[in-house]
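There are 2 protein chains.
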Amino acid sequence: MKTLTVLFVLMLALIPSAQAQSQLNLMPMPASVQQGSGQLPINRDFSVGITGSHDSALEAGVQRFTAQLARQTGIMFQAKAGATPVLTVHADKALEPVQKVGDDESYQLTVSDSGAQLTAPTTLGALHGLQTLLQLVTITPKGFALPAVTIKDQPRFPWRGTLIDVSRHFIPIDVLKRNLDAMAAVKLNVLHWHLSDDQGFRVESKTFPKLAGMGSEGHYYTQSEIRDFISYAHDRGIRVVPEFDTPGHSRSWFVGYPELASGPGPFTVENENGPSSVTDPTREETYKFMDKFVEEMAKLFPDDYFHIGGDEVDGKFWDSNPKIQAFKQAHGMKSNQDLQAYYNQRLQKSVEKHHKNMIGWDEILHPDLPKTIMVQSWRGQQSLAAAAQQGYRGILSYGYYVDLMWPAARHYAIEPMSGAAATLTPEQKALILGGESAQWAEWVTPEIIDSHIWPRNAAIAERLWSPQDVTDVNSMYTRMHAVSLELEYLGLMHNAARDRMLQRMAGTADINALRVLADVVEPVKDYNRWDDAKGPIDFHAPLNHMIDAVYPESDTAREFSALVQHFAQSGYKDRTVEAQIRHWLTLWRNNDTKLHPLLEQSALLQEDIPVSQNLAMLATAGLQALDYIDMGQPEPDIWKAPQLVVIDQAKKPVAGLLLMVAAPVQQLVEASAQASHN
Amino acid sequence: MKTLTVLFVLMLALIPSAQAQSQLNLMPMPASVQQGSGQLPINRDFSVGITGSHDSALEAGVQRFTAQLARQTGIMFQAKAGATPVLTVHADKALEPVQKVGDDESYQLTVSDSGAQLTAPTTLGALHGLQTLLQLVTITPKGFALPAVTIKDQPRFPWRGTLIDVSRHFIPIDVLKRNLDAMAAVKLNVLHWHLSDDQGFRVESKTFPKLAGMGSEGHYYTQSEIRDFISYAHDRGIRVVPEFDTPGHSRSWFVGYPELASGPGPFTVENENGPSSVTDPTREETYKFMDKFVEEMAKLFPDDYFHIGGDEVDGKFWDSNPKIQAFKQAHGMKSNQDLQAYYNQRLQKSVEKHHKNMIGWDEILHPDLPKTIMVQSWRGQQSLAAAAQQGYRGILSYGYYVDLMWPAARHYAIEPMSGAAATLTPEQKALILGGESAQWAEWVTPEIIDSHIWPRNAAIAERLWSPQDVTDVNSMYTRMHAVSLELEYLGLMHNAARDRMLQRMAGTADINALRVLADVVEPVKDYNRWDDAKGPIDFHAPLNHMIDAVYPESDTAREFSALVQHFAQSGYKDRTVEAQIRHWLTLWRNNDTKLHPLLEQSALLQEDIPVSQNLAMLATAGLQALDYIDMGQPEPDIWKAPQLVVIDQAKKPVAGLLLMVAAPVQQLVEASAQASHN
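Here the protein sequences line up with chains A and B, keeping their order. Residues 57 to 734 (my numbering) make up the first sequence, in order. Residues 57 to 734 (my numbering) make up the second sequence, in order.
Extracted from the complex, chain A is given alone in its bound form (with noise of 0.2 Å):
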């Protein structure tokens, strides 16, 4: 199938678009961008000079970006010493030890044919605008080179965060690092750190060493790689805000203290099947050790920031507890709601007296909070706009759960200031500081982890950095996979480790045949996988399946629909495109005698026979279609009947895969039974 990408693009690019030829590749698209005329060559001679505050963090910035630059283009940089720097970087505020939302972000930059200047009111900014230059080096038939151009740009939200959850699956520091740098490329400012949940509590705690001692496997981080991981972040711009999610999703905490729980243990992680249980917020015991604990992470995380969780509280752990109830009923609670607010606000005594706002989900709204905490939202829009018509500050996440294996584009409709919060007043909208993606770890290990956030944490990147009418799709894919190669640069793994994954499934680096097969499948959506699995995840089974190396969204059937729409565009009579479709579908015909036997000996990939077959039958619909289609004759209902049959089938997920070229194909069945284009 790779064979064939060369052919596709130049096809593709018949195909009218609403983008300029000349578009930048730049994502997140700046506020302004002036394109010029000419170029700057970036060639061994390349030197940046720093004026203004030259503060460390902007060295190490400018350090950082020339050796992306080097990486970017084979170039060892070598200036002569005194040299007029090619490029000058000017911060007039170096970065604060601890960067605040809505810390000056803006930077403009010039590039002509002698030289380029970025300036900002500060090093984050600066640190913002390096980004931007490096996506603007393109290789030119005279060399590396910056085009000409002139950028203004700032961000539209303050808040652009990505949530990793460490706790489901653990994921070790340097991974966590080099997300990092993904991140810093896409001007993302906020790593939301989801440390600890039913499965894992990953924070050393000198004050309760029996929470991570007891509750993580042994799996967490020390409270000196957290202080090293901060700062590595702080360089680029990143705040790091910790969760620790309470009173729910909190049995990892009660392996080692169970005298928080609501119910009995003995409680473990070692599996999903030990008891889970819920925070009992009925004992003073309980606000005691949360002071404390507060106490220390306040020291150790400097975030403005701390977020408890709060979601998802099963209150059937309250309800069997006549304890509780009888505490409610004393402090007249109606509801488990009331219990939980009524949790929250003496937490929430306790985050603010060690000087943080609190932050939880949807669920912690409640009149009786003050007005600082702020409110992340799964929900939607309509919960956050609710939020700030009460005055409370809020984020949406509901939309950006890139673990729900959704395809970029979806992501990137998914506007915080619709709906709802369209309504809203500018006082109220101003409440909205923007939104973070979420990485929910129940099927990811470090190999798989960077191809389930990127590339497609670009596009919600720029959702929330650009302003809201940049939203063409095409575009907007395109430029995603230009920031794909440059993460690739970076050390990210996301395309890499599919390979790896396959070669290994196959036992040989011979995995052509099975690449055809991974090209055009994705994962289930949303949470059906959890629904597959019947019962309880096991936490420690292998991710080593087809399911688990695919990427989640599928260039190849993307490409192969657009394709099909271009040919139903001509009327069905453009032969040059239909040339390219027989040419894919031929390939997928023919693919399945092939992988049949590789796929056979592995006890890995032999729940995948199924899928391949119904690609090689699904093929040779579509090329029977096509025969029809040219004939100029209406296909009978004797032959059309099975192959709506076979379509069918083909759509029914089979090991977690869905086949994503069906419903193109289908399309050219339905569409041969009335073409007539001869």
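In short, the hints are calculated from the structure, not lab data. Using N, Cα and C, we set each Cβ at its ideal position, and we do this for glycine too. Any given hint might turn out to be false.
Only some residues are given here: those of chain B computed to face chain A with a beta carbon under 8 Å [to be verified]:
(1) Gly130
(2) Ile131
(3) Gln134
(4) Thr194
(5) Lys198
(6) Ser540
(7) Ala552
(8) Gln559
(9) Ala659
(10) Leu660
Dock chain B against the given chain A, drawing on the hints supplied.
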């Protein structure tokens, strides 16, 4: 092209081979392998028990083994506490603090369907056995498993090394470490670290801080990095032998210490055009300097051996210095060889005083030197045999220079005990301790080096470990490709770097047409690239062209050539093979049209335009030849003459690239002259 490889592999399976189908993918091939029946499943209950010496090196080795096994299978091992280990590893004796030449490296391995036992007299042998185990793991219809087998193994030679030059281009420690991992995987046991040369002195000296301080452009290893690196190597059963090349190849010493030089300065490592020179062997101060230097380095590098280089001393620097001429005369020396022997004798006394054996290249061999020295031969077996006859130990590097871009098969055919060495007495033969591959660094960067060493280095490793009669080339290639995949899981970049470099040159991730071209070219061989460079090499020039990206050996060309041989052996009658040949030729003929626009728009690719055109013309000639063959008619001279011009043209290197399919196409064109097979 990738799409077609599976077809090819299926085809090649039809070609008769001396190898049994059930051959295990072990490399180097063990001394004795006895396959059994059944298999041992590898699942999450897998665990390892250690008995015997149980030293920390073995424990660390088992941990690395388990980590790599997890990478190769994707399984998160989680054996129940107290369960019987699936694998037991036993070593009688712990790893010595400093490994010696000739330490026992043997091991025995038994795998049955109920468990596996690895036993060895030493931890060193057990480490090798763990590597064998990793190569035995395969995916089967029932899951990952080890086949039942009994292996008794030990090396043929005690000295199995790889030289890495870090002077011409600096190679960072992390890149060297992953190369140590790869060396351990194929049981190599010596890293020969070429630490100084004209272009850079790469070791911190506290005694003489200007060595690295002025002679390295800031790219050198600190002593603490070196200690850590040696410990990393030692953990993997690898000795680290330092080389400080003297009295030639030593310009970098003179930048900080010009008084050492025979000629006038000033000296510089900044460009190749600075004056070179040779150490002055007539000054007593030189020997005081060298003695102090050896004293310091002898402490830093614990190995018994100390390499002083001694190669390619350019006599003109001595000849043009009247003081040196006078010294020679005064001491009755007839030649510069005598003067170098005098230098070496005095240096050897320092080396011996600091408890090391001196090694040097062929040129140091001189009857005045004691039998404790050892010779490393770049000249060949003849030279080695001559040394052995005089009672000197030796190792072979002739034929193992991986920087010369030879195919693996050519290195593989170099036998240390052949030629003059074969005629030695048993006692003399015992003086030949093994060999070393050599990676000289004129044309590598950290990005490129892995692919210049791997996987071909595995073929040399096998030559030095396995019995002399293990020589089947087809088997070697099959097993080398399996090793190549294993190395990818270890983190080597020998395969992955190429596509990144191609993408960089192309400025896009859509490089399929570029891959088709890259797959059939190889860099020019031997020293032709130097000759083409015209003038001194510019060591700061970017190595980011096609010649830098492509693999030293084209698998595609080798496979295509095998197909043409097979077709010839069938009397040009095998239609199935012919169809495969046509498939490739058609791909190549059509590729230039697709590729041309990409080549034109990149300054780095424009030089490859004629290569792509030559490939298309070559393929056209090949297809026409097949047409003549099919018609059963000798082709007319009027057709043949221009085709031979095309072939001759395609055989000439362009942009340093050789089109490796020119020869098999020529064979088709020649064949069609007399073919008549209908």
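Hint by hint, here is what the structure shows:
no.: 1; hint: Gly130; result: 3 Å, holds
no.: 2; hint: Ile131; result: 4 Å, holds
no.: 3; hint: Gln134; result: 5 Å, holds
no.: 4; hint: Thr194; result: 6 Å, holds
no.: 5; hint: Lys198; result: 6 Å, holds
no.: 6; hint: Ser540; result: 7 Å, holds
no.: 7; hint: Ala552; result: 6 Å, holds
no.: 8; hint: Gln559; result: 6 Å, holds
no.: 9; hint: Ala659; result: 4 Å, holds
no.: 10; hint: Leu660; result: 6 Å, holds
Checked against the numbered hints given earlier, the structure satisfies every one of them.
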